[in-house]
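Asker: Based on the sequences and whatever the hints tell you, model everything.
From first to last, the protein sequence lines are chains A, B, C and D. Going by the working numbering, the letters in the first sequence line up with residues 22 to 354, in that order. Going by the working numbering, the letters in the second sequence line up with residues 22 to 354, in that order. Going by the working numbering, the letters in the third sequence line up with residues 22 to 354, in that order. Going by the working numbering, the letters in the fourth sequence line up with residues 22 to 354, in that order.
No lab work stands behind these hints: they were computed from the structure. Worth double-checking, as some hints may not be accurate.
[Stated by the list, open to error] Heads up, incomplete: computed chain A residues facing chain C, CB under 10 Å, no partners named: (1) T233; (2) G258; (3) I259; (4) S273; (5) I275; (6) T294; (7) E301; (8) V308; (9) A309.
Where is the CB? At the ideal position from N, CA and C, for every residue including glycine.
Protein chains: 4
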Amino acid sequence: MITVLKENTTKQQRDNLIRWFEAQGLKVHISEGEYQTVLGLVGDTSRVDDGLVEALEIVERVTRVTESYKAANRKFHPEDTVVSIGDVKIGGGSFAMIAGPCSVESESQILEIAQSVQKSGAALLRGGAFKPRTSPYDFQGMKAEGLELLLEAKQETGMPIVTEIMNAEHLPLFEGVDVLQIGARNMQNFELLKAVGKTNKPILLKRGLANTLKELLMSAEYIMSEGNGNVILCERGIRTFETYTRNTLDLSAIPALREKTHLPIVVDPSHATGKSSLVESMALAAVAAGADGLMIEVHNDPQNALCDGAQSLTPAQFDKLADKVRKIREVIS
Amino acid sequence: MITVLKENTTKQQRDNLIRWFEAQGLKVHISEGEYQTVLGLVGDTSRVDDGLVEALEIVERVTRVTESYKAANRKFHPEDTVVSIGDVKIGGGSFAMIAGPCSVESESQILEIAQSVQKSGAALLRGGAFKPRTSPYDFQGMKAEGLELLLEAKQETGMPIVTEIMNAEHLPLFEGVDVLQIGARNMQNFELLKAVGKTNKPILLKRGLANTLKELLMSAEYIMSEGNGNVILCERGIRTFETYTRNTLDLSAIPALREKTHLPIVVDPSHATGKSSLVESMALAAVAAGADGLMIEVHNDPQNALCDGAQSLTPAQFDKLADKVRKIREVIS
Amino acid sequence: MITVLKENTTKQQRDNLIRWFEAQGLKVHISEGEYQTVLGLVGDTSRVDDGLVEALEIVERVTRVTESYKAANRKFHPEDTVVSIGDVKIGGGSFAMIAGPCSVESESQILEIAQSVQKSGAALLRGGAFKPRTSPYDFQGMKAEGLELLLEAKQETGMPIVTEIMNAEHLPLFEGVDVLQIGARNMQNFELLKAVGKTNKPILLKRGLANTLKELLMSAEYIMSEGNGNVILCERGIRTFETYTRNTLDLSAIPALREKTHLPIVVDPSHATGKSSLVESMALAAVAAGADGLMIEVHNDPQNALCDGAQSLTPAQFDKLADKVRKIREVIS
Amino acid sequence: MITVLKENTTKQQRDNLIRWFEAQGLKVHISEGEYQTVLGLVGDTSRVDDGLVEALEIVERVTRVTESYKAANRKFHPEDTVVSIGDVKIGGGSFAMIAGPCSVESESQILEIAQSVQKSGAALLRGGAFKPRTSPYDFQGMKAEGLELLLEAKQETGMPIVTEIMNAEHLPLFEGVDVLQIGARNMQNFELLKAVGKTNKPILLKRGLANTLKELLMSAEYIMSEGNGNVILCERGIRTFETYTRNTLDLSAIPALREKTHLPIVVDPSHATGKSSLVESMALAAVAAGADGLMIEVHNDPQNALCDGAQSLTPAQFDKLADKVRKIREVIS
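Answerer: Written as structure tokens, this is what we have:
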């Protein structure tokens, strides 16, 4: 950690600060410049609160050299984390496809889609039961009933299920769910992160619409610091000024996160683009960029889907996509 | 609501869609162009799900002419909403200053600051007890104990208090709190919005870091649709590419929201800029732009504040600011 | 084009506006709603100035249904444009790699790199002679001398060359250059666009850091409306709040532009990411997403490159990349 | 300047780098941490190319402690720069209003507006003759003829004139113009910056739509390093995800730039918001935030303005605004 002092800092103020750092077990190296003095802090700075230091009158700027996330940091855990969900593995060279409808709508709908995507090679079934919607007047999901239907589809097909949890009070309902999804809008719902961190279920953590990779990793750290290391990161598009696509899928997040963390990374091109016509090319791009998995919306009747149908593939489109995905996986591995 | 059809739509497909709209009680006007047909929908379209319509194969684009928020919409409620908190009023020409520390730290700290800002003219006391922090290793607030201290300061000074709630399960602890704050990171925590919408307390709803004004109003609508119309909107900076300020304070949100909604609007320049040296000028600018209130961080010892001290004013700075605020209020009213 | 009128518009005002539209050869369809009247305009609206209409007191909003670009619009030119540069073709199924150093530095440097990337399969040689730099104190390129060296490398290897032009006055110097590059910062330097539109050379037009796809196409339209239809679009990253990568490469621009325009699309992952370690995965992702070409920085001594060395591949890395690119091309075609 | 070395750097590599820095006249201080070594560079680092250093294999990151702009830097020139245009002064406590139409349209139009805004207290007349437009099909200004009309209005009223230059080749036409405006889209047209830096006319430099304050100052530095120190900075809104306003006016740029530079700062709320109904409150906010000037679009017939009429004030609205501006100036000074 680097602390740049202001020009007019007195020697005594500086010495006080140095003593304060040293009292926290840090070593301090001093570089004196013409206009500024820079203190280099050595030791475990991950628990030093940047805000606190920057609040000091004599401090101009604080820069971290090592990151404040530890558990998620590849520097301290060089080996890839492999998350296991039943027999399915994600990360460390293992790749998985997660597919299913945006919302569970009926028994026949979810079962039909599950069987179809399973045949095409999807390893996990996704489906929304509790749905976060911008408008209180839009369809909010089938809730508990939707979870029941997902569990039936799981029993029928043997596919583990992934579904979003929006409220820690609902945890008992999610007993049979295999992977808990934290949605983009809840990425910094720290209370929810702590609650799912106390479970032993794999967590699929979506990047917020305006969050940096560092913040995504800090949110993973919230979950991991409660004892749950099974975190799967998910890039699903960030908000920019572009309006043709719903969001801008940041595929450079894949190799960038790969450098910073050992956690597996999946990509959701359906929500990112918001247009089914763009999903295939973005899915293939994600695989070429080294993603550990894909999360794809598939609907047997996208025309009549109760939400986000515009971005859903048909089972036939998904089957074709899955085939190309396998071929690209062969090229890059 | 305008629905643009794709070029190759057949007459039969078009007629089916028109019948479907009509079945929902809407009137449909048709404009036929060389390349496109446009359907204009007339009637109560606020409950029509845009996603659903856009999902249809024959639909190219959907544009709303009237907004999907009703309760918060000035069009349907032309009169300004005035939120009353004890004797304090915000909105409809009434202006209030909310001041206090980022975090409650001790009895003497919160009491001393409360008395000081009250003397300078602040009407409401703010102070964080439950603190959302990006890192799990940073100070998370004094929690329930902090709430106790806030309530003591309220009893001592008579100032109503504003503090953030992060979890609906904590509601019983907030019994004595006057205004519940929903933080920027929870602006789309819809479960929390619905929970506070079921209380009868005024809600201070902060705009998310990457949320549009329309989304802010949709989140207000979540609260209002549960029966609680006492919503105060708060602009606190949005995320951009600029790095010198922590966020970019969007002051045009004030006159823009004024056009769209009847709800009062307060501005938090402390969190937006993240630098105490920028707070005064941004506070005055907000008042000049017509804000109904200000939310300012004040700390009696900003150097040693446990969080966000870098953006806190001293009581003396706040006193000077409050004086200028009054003078600008006179000019613009 | 859709024109939404304000609620309190009188019938006479409305009729005046309708007559004004009709005088411009447009047909007007009227949809009357409870709160608004919507005029649907049919005919050639591409020459109607949106600003002008929105300026009218009675107009609330103007929305275009058809785009204001004509020459670049796939709707009016369904066939892919293929840009030919000597024997090299880009677009319509033809793919080309453009490689070379950020800056031309010396005869041996440019020649050595040219021969190396040619052997690896690059079809075009890139190299900066006139360099746009944020700081006036940074290296600005070898200018005319750099152009000379590029032309020598072209003569030696037979590779057509691509290099940036920053000033229309320099056009005579670019006589022997095969493709004129318009840099991101000049994407809306309309004077320069018009000047290169008067030449018959292929233009590689880079997307600006904060420009929409629509604006990119309008800039292409500037070039095309002067008579030069040989425009190659280039996605090179947009500016977001993320700081780990220099910019955020928007790969969804590839399939999105494919829908909107017939012009070829190449991707520059080197400038977008600013980190050589991210270039390969982003290049492969771009190819998987359907790009018509790649533009890659290659330097034989990236450690000592005079600019942007941090993002350059070595010739050996480029050779390995080129091999993977060919394999992915086989999968997707 | 701080250079962070990678973990696996050998002692010899490190010593080589230190020698290279020392050869450039810099002193190097070394801080050794557990995972990283940090080099602190002391001396004139403004001419060191960050990219070059970051390109080195052993370097993880480079951070500047002092800025790379010198001429524009308040640190080296603590006194405010006052730009004089005839008798008008901007900066150092002097405030000026610049008003006029977006485009010059006719002799009577420009003269009538000039006389009107002058009576209301505007010190400078603005008016576009060469207009940058996103679409090649939109009105591009009256060009040379427009300049003539501006000069006539200047002669008639004695008001100095401000107008945009888009092409260095046009400089001879701008002989009689008092202030040359560089538009937002040309903020990084470095060739144009250098050309106007060679004149002795005051330059009004608009911030680009996606440019940081640091980049704005680097562009000012381009002008100043050619010998022209009369630069006025102009905030005119940046691009964000918000769509209700055309851009997001960043008023915190005023106090932030005040800390970083001695150059005067004016604000253009007309282009930023794109809506005349938002202009007054944003103008007053800018003044309250300490702006040295305002740039306001005024049109005597905004309904029929040839461009951007939607954001123009009428002369009567401007008169009312000017009055409030004076009152706010009294409060804050």
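Asker: All hints, please: hold or fail.
Answerer: Hint check:
Hint status for T233(A): holds, given a least beta-carbon distance of 5 Å to chain C, under 10 Å. At about 8 Å, the closest approach between the beta carbon of G258(A) and any beta carbon in chain C falls short of 10 Å, and the interface hint on this residue holds. Contact between I259(A) and chain C, as hinted, is supported at the beta carbon level, the nearest pair being about 6 Å apart and thus within 10 Å. Satisfaction of the interface hint for S273(A) is found here, the shortest Cβ-Cβ separation to chain C being roughly 5 Å, below the 10 Å cut-off.
Interface hint at I275(A): satisfied, since its Cβ lies 6 Å from the closest Cβ of chain C, which is below the 10 Å cut-off. Interface restraint check for T294(A): the shortest CB-CB distance to chain C comes to about 5 Å, inside 10 Å, so the restraint holds. Restraint check, E301(A) versus chain C: the minimum CB separation of about 8 Å is within 10 Å; hint holds. Because the smallest distance between the Cβ of V308(A) and any Cβ of chain C comes to about 7 Å, under 10 Å, the interface hint for this residue holds.
A distance limit of 10 Å between C-beta atoms decides the matter here; for A309(A) the minimum to chain C is near 4 Å, and the interface restraint holds.
Violated hints are absent here; each numbered hint is respected by the structure.
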